Amino acid sequence: MFDAICLWLAQNYNAELHLSGLKLAGVMCSYADIAAIALFAKICALSRSASPKQDRAAVVIYRMLALCALITPGLFLPQSSATFFAVQFMVLLLPYCILMYVVATGIRPLIKTLEKYIKERGSAP
Amino acid sequence: MPWGMGDLDSSETLFLAEKLMGLFWVLVQQVCFCGSKILYESLSRGSARVKRILFFQCAIFIAFCAVSFEWELGVPFLSFALCIGERDFYPWAVRVILCSGMILFDALLTLYIYRIYRLCRDGERSFRPVFLWDFFVFFCIAALCVGFIAQSVSTTLVHDLDMDLEFTWLARAFVSFSNFFYVPLEACAAAVLFRAWRLIGA
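Residue numbers (this note's numbering), protein chains in the order written: chain A, 4 to 128; chain B, 63 to 264.
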């Protein structure tokens with residue numbers, strides 16, 4: 004059965020299917036990534052004291068993610084999977100760098116906040 | 063996220079660029095996974111085994127790099143095994159392995175995000191053993207990756223498929239499917255994070 008499936012794919016999968024699939028999946032994945040990163044940044048923001056400097060960092064992060072969301076439809080433009088790959092990398096490079104920054108700076112305060120939250124929730128009647 | 067390379071020129075420089083970008087995405091997923099595992103252990107056990115987690119994940123990333131750069135490192139074990147006659151399956155096997163690595167760490171990350179949300183929702187600091195579920199996810203994705211590589215090599219040899227046409231499209235199909243597999247994972251992660259944000263922010 005698997006041999007038949009592989010053989011069918013090898014003989015029927017083509018450039019048009021490949022590029023269409025990449026474009027659709029690429030755009031959906033990008034928006035899902037941006038949504039997840041924005042939500043995670045908001046959760047981390049709950050655990051920081053709202054100093055003006057940190058608020059500015061949060062505003063910059065959300066604006067950069069909004070910019071990423073605006074340029075994501077650009078993934079529909081490339082006419083070959085090679086240029087699609089280049090556009091995809093540029094579209095995802097920024098959100099992923101933001102994500103790693105948020106993870107690196109937000110984990111420790113988040114641990115303290117969630118510990119306190121779980122303790123309060125556990126002791127609530 | 064998985065990428066859609068494949069119809070660039072098969073020169074070594076471009077293959078090197080693909081591998082570097084693929085490893086970048088694997089690294090990002092691993093960093094996020096490490097963060098979620100440290101967070102979960104801190105909340106459920108009281109303290110996280112940070113050094114152990116980082117050591118293990120560094121070893122895994124080095125293994126991915128070693129598999130990807132066998133030619134450059136001069137340690138051809140996978141490339142030797144996948145060079146059968148005049149057919150060299152190694153380049154596409156590297157792409158499939160890196161795609162699978164991204165999916166694996168994203169699946170584990172989504173699982174840990176859900177575990178952390180459940181801890182916050184239930185309000186209990188109870189550590190539950192996680193190894194079995196983690197291993198199950200790893201096993202499923204590793205089986206898919208190894209199974210696909212083995213089956214595609216077998217189908218190519220048995221049916222004498224053209225390497226530059228039929229086998230290449232078969233391998234590209236895997237890359238494309240892994241892109242689609244990534245979508246529900248990220249959507250689940252976003253949904254759980256949204257519920258967590260509503261819960262904690264309320």
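Check each hint, because a few of them may be wrong.
Below, in silico cross-link-like pairs of lysine to aspartate or glutamate (EDC-like), each with a Cα-Cα straight-line distance of 20 angstroms or less [as the list claims (entries may be wrong)]: (1) LYS45/A / ASP58/A; (2) LYS113/B / GLU103/B; (3) LYS122/A / ASP184/B; (4) LYS115/A / ASP224/B; (5) LYS119/A / ASP184/B; (6) LYS119/A / GLU103/B; (7) LYS122/A / GLU103/B; (8) LYS45/A / GLU118/A; (9) LYS115/A / ASP184/B.
For the record, the hints were derived by calculation from the structure and aren't laboratory data.
Note that the structure is a prediction, hence the values are computed from the model and not measured.
Subject >> Violating hint indices (sorted, rising) >> reply: The structure conflicts with hint 4 only, although it agrees with all the remaining ones.
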